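Engineer: Residue strings, one per chain:
Protein chains: 2
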Amino acid sequence: MRTARDRVVAAALELFAEHGVSGTSLQMIADRMGVTKAAVYHQFPTKEEIVLAVIDPIMEGLQPIATEAARRRTTAARRRYILGAAIDEIVRHRRLAAVLSFDPVVTRLVRRHPAMSTITRLVDLLTGPDPSPATRVDVLMVAGGLVMAGAEPSLSDLPDETLKNHLYQTSLRTLRTKPI
Amino acid sequence: MRTARDRVVAAALELFAEHGVSGTSLQMIADRMGVTKAAVYHQFPTKEEIVLAVIDPIMEGLQPIATEAARRRTTAARRRYILGAAIDEIVRHRRLAAVLSFDPVVTRLVRRHPAMSTITRLVDLLTGPDPSPATRVDVLMVAGGLVMAGAEPSLSDLPDETLKNHLYQTSLRTLRTKPI
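Quick note, the sequences are listed as chains U and D, same order. So the first sequence is numbered by the numbering used here: it starts at 1 and just counts up by one. So the second sequence is numbered by the numbering used here: it starts at 1 and just counts up by one.
Chain U on its own, in the form it takes in the complex:
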């Protein structure tokens, strides 16, 4: 059963894909839904709050990945766990990511998001203790590569499982970490 909030989010995402977040107004969302602007405003007083309703669960989904990874004993095991779990999340949200990433409004909200500290923690776990400069560069290349490649429209022809598999293999090779 979709709530009124879900219906606003669904209409907003359609319009974001067509016009970008900045090019979409609450009025356009109301028109798409066939309701008044006041009805949309009642659920979400600002467009930013709609974007947060989309990105909050994704950002918060990262927390258990960090907790579970920290339980593994070696950096290699942590890397395999984090990469597997993070790539699942990235690919699961790939259509959304292609729409939302690089959007100015989204970029600002993500960078100020409380869960950014979890991302820093995931990067630290991937890097391991006392890293060399080479290892720090490797990890940041992988982090940047996953964010960009996961949201890349030119890879949209690849099935989810194919994309996941290649992102995982490439990340492990970049990090010089064995698959098992």
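Don't take every hint at face value.
Copies of one chain are not kept apart here, so a pair can be met inside one copy or by any two copies together.
With a Cα cut of at most 20 Å, we get these calculated SDA-like pairs of lysine to any residue [as the list claims (entries may be wrong)]:
| hint | residue 1 | residue 2 |
| --- | --- | --- |
| 1 | K47 | R108 |
| 2 | K47 | S101 |
| 3 | K164 | R176 |
| 4 | K164 | P131 |
| 5 | K164 | A134 |
| 6 | K164 | S132 |
| 7 | K178 | A134 |
| 8 | K47 | S22 |
| 9 | K47 | V105 |
| 10 | K164 | T135 |
| 11 | K164 | P133 |
In case anyone wonders, no lab produced these hints; they're calculated from the structure. Since the model is a prediction, treat every value here as computed from it, not as a measurement.
Start from chain U and add chain D according to the hints.
Structural biologist: Chain D only, in chain U's frame:
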């Protein structure tokens, strides 16, 4: 000899670093320079034009890299050439990149820039003819990784030559391409 335009750009970059592009006004630039807003406006009627004065030469610097790379005969030789040249550019502008990248205004201007077609061409040259899905993922991981790692404030302690060397080695390993 610095022109009036150069002085505006220098003052603007200082303020962009402190307040972001969106948080900087022509009035703030004028105040920093100790001139009137009209004097700044005379050189650059909008803030966007100041940003373009910074990014235009960087974006246009990519064109000769694509032309020269296309003269090499193998994909491996093209990759080594493009990576070497592109990493030089990225690291040369790393302080600027840390300030400007992810800024909403800059993101919008870069994505609409005429030289974006050169970036697409560089990606195609790195990929090579008839690429497998694995190769396409590898190249986009490297492209994303270089953009993100090159602009990453947490690597600012690494000297330019160290960063260049690691970015180059990591990129080649990711692409399964031999250094020589």
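Engineer: Going through the earlier hints one by one, which of them does the structure break, listed in rising order?
Structural biologist: Violated: none.
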